[in-house]
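Undergrad: Each chain, letter by letter, is given below.
Protein chains: 2
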Amino acid sequence: MKIALAQINYHIGHFDSNVLKIKNAIQKAKQKGVDLIVFAEMAVSGYPPRDFLEFDDFIQKCYQAIKEIAQSCIGIAAIIGSPSINPSAKGKFLYNSAYFLYDGDIQYITHKSLLPTYDIFDEYRYFEPFRDVNVLNYMGRKIALTICEDIWDIGDERLYTISPMDVLAKQGPDLMVNIAASPFHYRQASSRREVLVRNALRYNLPLFYVNHVGAQTELLFDGGSMVINRDGEIFDEFNYFEEDFRVYELKEGSNQVSLFYSDFKPEKQKPESKISLIHDALVMGIRNYFQKLSFSKAILGLSGGIDSAVTLALAARALGNDNVKAVLLPSRYSSEHSINDAVVLAENLNIPYDIIHIEKAFKSFEETMSQWFDGLPADITEENLQARIRAVILMSLSNKFGYILLNTSNKSEAAVGYGTLYGDMCGGLSVLGDVYKTEVFDLARYINRSQPIIPEHTISKPPSAELRPGQKDSDSLPDYEMLDQILYQYIELRKGPGDLIDQGYSEEIVSKVLKLVNTSEHKRYQMPPVLRVSTKAFGMGRRMPIVAKYLS
Amino acid sequence: MKIALAQINYHIGHFDSNVLKIKNAIQKAKQKGVDLIVFAEMAVSGYPPRDFLEFDDFIQKCYQAIKEIAQSCIGIAAIIGSPSINPSAKGKFLYNSAYFLYDGDIQYITHKSLLPTYDIFDEYRYFEPFRDVNVLNYMGRKIALTICEDIWDIGDERLYTISPMDVLAKQGPDLMVNIAASPFHYRQASSRREVLVRNALRYNLPLFYVNHVGAQTELLFDGGSMVINRDGEIFDEFNYFEEDFRVYELKEGSNQVSLFYSDFKPEKQKPESKISLIHDALVMGIRNYFQKLSFSKAILGLSGGIDSAVTLALAARALGNDNVKAVLLPSRYSSEHSINDAVVLAENLNIPYDIIHIEKAFKSFEETMSQWFDGLPADITEENLQARIRAVILMSLSNKFGYILLNTSNKSEAAVGYGTLYGDMCGGLSVLGDVYKTEVFDLARYINRSQPIIPEHTISKPPSAELRPGQKDSDSLPDYEMLDQILYQYIELRKGPGDLIDQGYSEEIVSKVLKLVNTSEHKRYQMPPVLRVSTKAFGMGRRMPIVAKYLS
Numbered sequence: 001m002k003i004a005l006a007q008i009n010y011h012i013g014h015f016d017s018n019v020l021k022i023k024n025a026i027q028k029a030k031q032k033g034v035d036l037i038v039f040a041e042m043a044v045s046g047y048p049p050r051d052f053l054e055f056d057d058f059i060q061k062c063y064q065a066i067k068e069i070a071q072s073c074i075g076i077a078a079i080i081g082s083p084s085i086n087p088s089a090k091g092k093f094l095y096n097s098a099y100f101l102y103d104g105d106i107q108y109i110t111h112k113s114l115l116p117t118y119d120i121f122d123e124y125r126y127f128e129p130f131r132d133v134n135v136l137n138y139m140g141r142k143i144a145l146t147i148c149e150d151i152w153d154i155g156d157e158r159l160y161t162i163s164p165m166d167v168l169a170k171q172g173p174d175l176m177v178n179i180a181a182s183p184f185h186y187r188q189a190s191s192r193r194e195v196l197v198r199n200a201l202r203y204n205l206p207l208f209y210v211n212h213v214g215a216q217t218e219l220l221f222d223g224g225s226m227v228i229n230r231d232g233e234i235f236d237e238f239n240y241f242e243e244d245f246r247v248y249e250l251k252e253g254s255n256q257v258s259l260f261y262s263d264f265k266p267e268k269q270k271p272e273s274k275i276s277l278i279h280d281a282l283v284m285g286i287r288n289y290f291q292k293l294s295f296s297k298a299i300l301g302l303s304g305g306i307d308s309a310v311t312l313a314l315a316a317r318a319l320g321n322d323n324v325k326a327v328l329l330p331s332r333y334s335s336e337h338s339i340n341d342a343v344v345l346a347e348n349l350n351i352p353y354d355i356i357h358i359e360k361a362f363k364s365f366e367e368t369m370s371q372w373f374d375g376l377p378a379d380i381t382e383e384n385l386q387a388r389i390r391a392v393i394l395m396s397l398s399n400k401f402g403y404i405l406l407n408t409s410n411k412s413e414a415a416v417g418y419g420t421l422y423g424d425m426c427g428g429l430s431v432l433g434d435v436y437k438t439e440v441f442d443l444a445r446y447i448n449r450s451q452p453i454i455p456e457h458t459i460s461k462p463p464s465a466e467l468r469p470g471q472k473d474s475d476s477l478p479d480y481e482m483l484d485q486i487l488y489q490y491i492e493l494r495k496g497p498g499d500l501i502d503q504g505y506s507e508e509i510v511s512k513v514l515k516l517v518n519t520s521e522h523k524r525y526q527m528p529p530v531l532r533v534s535t536k537a538f539g540m541g542r543r544m545p546i547v548a549k550y551l552s
Numbered sequence: 001m002k003i004a005l006a007q008i009n010y011h012i013g014h015f016d017s018n019v020l021k022i023k024n025a026i027q028k029a030k031q032k033g034v035d036l037i038v039f040a041e042m043a044v045s046g047y048p049p050r051d052f053l054e055f056d057d058f059i060q061k062c063y064q065a066i067k068e069i070a071q072s073c074i075g076i077a078a079i080i081g082s083p084s085i086n087p088s089a090k091g092k093f094l095y096n097s098a099y100f101l102y103d104g105d106i107q108y109i110t111h112k113s114l115l116p117t118y119d120i121f122d123e124y125r126y127f128e129p130f131r132d133v134n135v136l137n138y139m140g141r142k143i144a145l146t147i148c149e150d151i152w153d154i155g156d157e158r159l160y161t162i163s164p165m166d167v168l169a170k171q172g173p174d175l176m177v178n179i180a181a182s183p184f185h186y187r188q189a190s191s192r193r194e195v196l197v198r199n200a201l202r203y204n205l206p207l208f209y210v211n212h213v214g215a216q217t218e219l220l221f222d223g224g225s226m227v228i229n230r231d232g233e234i235f236d237e238f239n240y241f242e243e244d245f246r247v248y249e250l251k252e253g254s255n256q257v258s259l260f261y262s263d264f265k266p267e268k269q270k271p272e273s274k275i276s277l278i279h280d281a282l283v284m285g286i287r288n289y290f291q292k293l294s295f296s297k298a299i300l301g302l303s304g305g306i307d308s309a310v311t312l313a314l315a316a317r318a319l320g321n322d323n324v325k326a327v328l329l330p331s332r333y334s335s336e337h338s339i340n341d342a343v344v345l346a347e348n349l350n351i352p353y354d355i356i357h358i359e360k361a362f363k364s365f366e367e368t369m370s371q372w373f374d375g376l377p378a379d380i381t382e383e384n385l386q387a388r389i390r391a392v393i394l395m396s397l398s399n400k401f402g403y404i405l406l407n408t409s410n411k412s413e414a415a416v417g418y419g420t421l422y423g424d425m426c427g428g429l430s431v432l433g434d435v436y437k438t439e440v441f442d443l444a445r446y447i448n449r450s451q452p453i454i455p456e457h458t459i460s461k462p463p464s465a466e467l468r469p470g471q472k473d474s475d476s477l478p479d480y481e482m483l484d485q486i487l488y489q490y491i492e493l494r495k496g497p498g499d500l501i502d503q504g505y506s507e508e509i510v511s512k513v514l515k516l517v518n519t520s521e522h523k524r525y526q527m528p529p530v531l532r533v534s535t536k537a538f539g540m541g542r543r544m545p546i547v548a549k550y551l552s
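As they're listed, the protein sequences go chains D and H.
Everything in the first sequence is counted per this note's numbering, starting at 1 for the first residue and increasing by one.
Everything in the second sequence is counted per this note's numbering, starting at 1 for the first residue and increasing by one.
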């Protein structure tokens, strides 16, 4: 039996485009003599469609897409994910389903049993868990067909009280197929391999796994579809961050897998280090955000600091240097070296840049407000004012010329509220909002790995917002090495103050940092969507009340 | 048996305050000879604590609070909601639990079976559904103790496959107690009565129901705790939008309820019309947002239009006229009548106001940008610029003097993206973001019901953003009567384009409006939290992808 896996970049709700890509893959598979082609979970709609699932019209469009795809399945079978309506009068309205299409029609349907409802996942919001799984019979083989999370709950502590794969295993399957929509974080590639290998070994079956690739706003899918032999050997793994298509042959009787055809070099070097994975994920995230919104041009404010430098380099990589515009917006407090560093960077990247001084606008506001502010000392108001004037200028350029403004805030400053709402926190997309400051430095060094792009001075100088004379980040924050460790413990690992103090951090610093995080929730609420690269990003995966009074 | 119900305004994560309020109520109940006092679901933590539930430290604080409260339960029993740890190695880490405290300790615990996971609810994100319910025995009576949603799934179409109250009914209970955290929308009071009455009738039992009151950022709890006789008569219903405490006597043998003590006049007039409910809910929402964040003073930009007028009147009611600051920010396009209308309103409300002209700042930006914009026609850029300059000025005043900026966007314009990001879409809290424009007019008339507060001209003139000469909202949008109907059908009822065209709207208008809604998701993503008064508000209850390509 020849089995094709199609790793595709879908677009949520863009049925025409998704169906076309799917039908093209089926056509190609037919030409290669494939018996079964496997697509990802929720392929026809893209993932996650979120509350579009609550619209009958959207569900009907999913059905129409499945019907249309089924008509291409003549002489070939397809497994493909799409929602379906729960026929029972009890339970949620929908199932998260896997369709088996053959002979021009839907021949079989099964549904997801384990519905991830944590972090960025909301599946029980829409779907009823399925409790009556059965193997699928095709060409004399029994296929244990599961959907993503169905095979992930295999640790000692179980998140669910049922295990669909345990049920299927009792029916004597010959192979496992898992269709997934499993988003990226920088540990996901290794977790995925480990979980899939454990499944192959536990059930002693070959496993064919198909994932999404591409970005859907903040969620990044790295692909990494793979085939595992029954002995737990990873026989083949798809490239990351790009579409891919491969055909395997499952030998008669033996259940041994061999590669039959590949669009790509399977041995292509995959990014493996944390920073290279983050880098490639962010580049894809920027690129797909623009493509899927039908925009091409980005703009950002270049300060001479590390965050905007790294954002600019990533944007240039994602969109092409011709499609990125850098704007330097110096104020009376901007240092000469900042302007120089920014200019050198733009020139290194061959990116057009403008210099727009904000002094005139700043003065006009000083005059406008003088009646109200007269005699009062300068404070955070004047600092925020500079950041907001820059935002107004950048948004004016964005409006006039059709750029999307990229946000340059990093995760450390977003965490502690070190940023100006409607100022430097503006933008359509936050590129570095899930990257701690210390990781931004690592990214800068990675970007410079083969040639100097980001000026060394940008990397080596002490971080400063340059909103008052001589200001440094370290004036008001712990140094970033320590800050980022505490933030990681609190945000990713959800450690409490007691745990942190036990780890040796002073009570004073722990209390200060946690309070800053909790009392700046209102700022993060209005941040742009953040490209997610960690296990706990700000945004849809971290849901916090604003008026809470806890560790604050 | 004397049963007290305590309807309390909790503060999420503010354990000291919540425990104090709970202990005070227990003390008062003791003085009245009460046998059992009932508090709401998740009372000790406030509701919803959201992802704080994933912090061990937070859960431990819930346990400590329960222990402390139990020590007050000498000679009196209490039923109270709080999370508890699921002792099984399978399933979610927590239960959403009801504790029975007596004799200084925890005597019994049961858990919620039906976990709302839709709209603003995320309960399966945290909790395992409980499947082994049993009645609670106290003073010779069997109590069927359930938690909120447990008794709401009583229609013909069931959202859940189990029914805890059906199970409990078989154990011969004498009364039902339901503890709830059921947020307000303008149809909630009537739905609540209907659902509770149906339960009393179906199980032929008296029902004691305790809800939260008060606002937690966007979620508003109206209270409305109540007692229903076994014959379905609503014996007593608590006041809306305020704390309340009452004691009932359940006659020996008969299960007939009588009122024993009340803090308030139970017969106090309740708001009943949709608009009066929305009005009171919004006033509470503003007031609690400020109280719980320890702020007292609000600021807003007053345009002379209806949205800022209504917001100002609500803020004055919520915070007191001395705590609200109005700022008029006229531009070269502001009409004389707008300034007059705004001044009259501020004077009617006895609210201090300032007039700050934005022309100087606008000119400075024109000059700053002239090199880039020279020769290009004025467009949306210059319109947005005015809105953003106003935001910069308001935020400067906010920063300098400690005001919180109130957002004045209404639901209609938020829906279609008719507003400027980082301009009029700014603010700490959106007061009218869940109130359609036509409802804003109704609110204005309601505010004026006994004396003229909002100038008649503000209500009668055609809506305009006044960002270019002679501009009217109707230049680019369908008239609000029709627009709001289409938006309601699409947003609240989730009707598709086919349904809407079947209802008689033209394909052209339907297609335009739905496209506007779907393509302005990126703007709403960065809106402030919206006080929720409808069944489908923007924010946590409506989760949409940004890069989707559907009806767009």
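By construction, these hints were calculated from the structure, which means they are not laboratory data.
Check each hint, because a few of them may be wrong.
One copy or two, it doesn't matter: identical chains are merged, so the pair holds either way.
Claimed, not checked - Calculated pairs, DSS-like style, for lysine-lysine (alpha carbon to alpha carbon, straight line, at most 25 Å):
hint : residue 1 : residue 2
1    : 549       : 23
2    : 400       : 360
3    : 297       : 28
4    : 67        : 549
5    : 23        : 360
6    : 536       : 90
7    : 251       : 549
8    : 90        : 170
9    : 400       : 363
10   : 536       : 523
11   : 90        : 495
12   : 523       : 400
13   : 472       : 400
14   : 461       : 30
15   : 2         : 515
16   : 549       : 297
17   : 170       : 549
18   : 472       : 90
19   : 523       : 472
20   : 32        : 536
21   : 536       : 21
22   : 265       : 549
23   : 251       : 461
24   : 472       : 142
Undergrad: Is the C-alpha distance from residue 461 to residue 30 at most 25 Å within one copy, between copies, in both cases, or in neither?
TA: Neither, since 58 Å and 66 Å both go past 25 Å.
Undergrad: How would you classify residue 536 and residue 90 at a CA-CA limit of 25 Å: within, between, both, or neither?
TA: between (34 Å within a copy, 23 Å between copies)
Undergrad: For residue 472 vs residue 90, is the C-alpha pair at or below 25 Å within one copy, between two copies, both, or neither?
TA: neither (60 Å within a copy, 49 Å between copies)
Undergrad: Check residue 251 against residue 461 for me: Cα-Cα at most 25 Å, and say if that holds within a copy, between copies, both or neither.
TA: Result: close neither inside a copy nor across copies, 60 Å intra and 78 Å inter.
Undergrad: Within a copy, between copies, both or neither: which one fits residue 251 and residue 549 at a CA-CA cutoff of 25 Å?
TA: Result: close neither inside a copy nor across copies, 62 Å intra and 41 Å inter.
Undergrad: How would you label the pair residue 536, residue 21 (within, between, both, or neither) given a Cα cut-off of 25 Å?
TA: This pair counts as neither: shortest intra-copy Cα distance 32 Å, inter-copy 35 Å.
Undergrad: Up to 25 Å between alpha-carbons, please classify residue 549 paired with residue 23: within, between, both or neither.
TA: between (53 Å within a copy, 19 Å between copies)
Undergrad: With 25 Å as the alpha-carbon cut-off, assign the pair residue 523 and residue 400 to within, between, both or neither.
TA: Answer is between: at 17 Å across copies they meet the 25 Å cutoff, but 27 Å inside does not.
Undergrad: Within a copy, between copies, both or neither: which one fits residue 523 and residue 472 at a CA-CA cutoff of 25 Å?
TA: Close inside one copy (21 Å), not across copies (33 Å); limit 25 Å.
Undergrad: I want to check one pair: residue 400 and residue 363. Are their C-alpha atoms no more than 25 Å apart within a copy, between two copies, both, or neither?
TA: Both, since 24 Å and 17 Å are each at most 25 Å.
Undergrad: At most 25 Å between C-alpha atoms: does residue 90 with residue 170 qualify within a copy, between copies, both, or neither?
TA: between (28 Å within a copy, 21 Å between copies)
Undergrad: From the Cα coordinates, with 25 Å as the cut-off, is the pair residue 32 and residue 536 best called within, between, both, or neither?
TA: Answer is neither: 42 Å inside a copy and 50 Å across each miss the 25 Å cutoff.
Comparing the model with each earlier hint shows violations of hints 3, 5, 7, 14, 15, 17, 18, 20, 21, 22, 23, 24; every other hint is respected.
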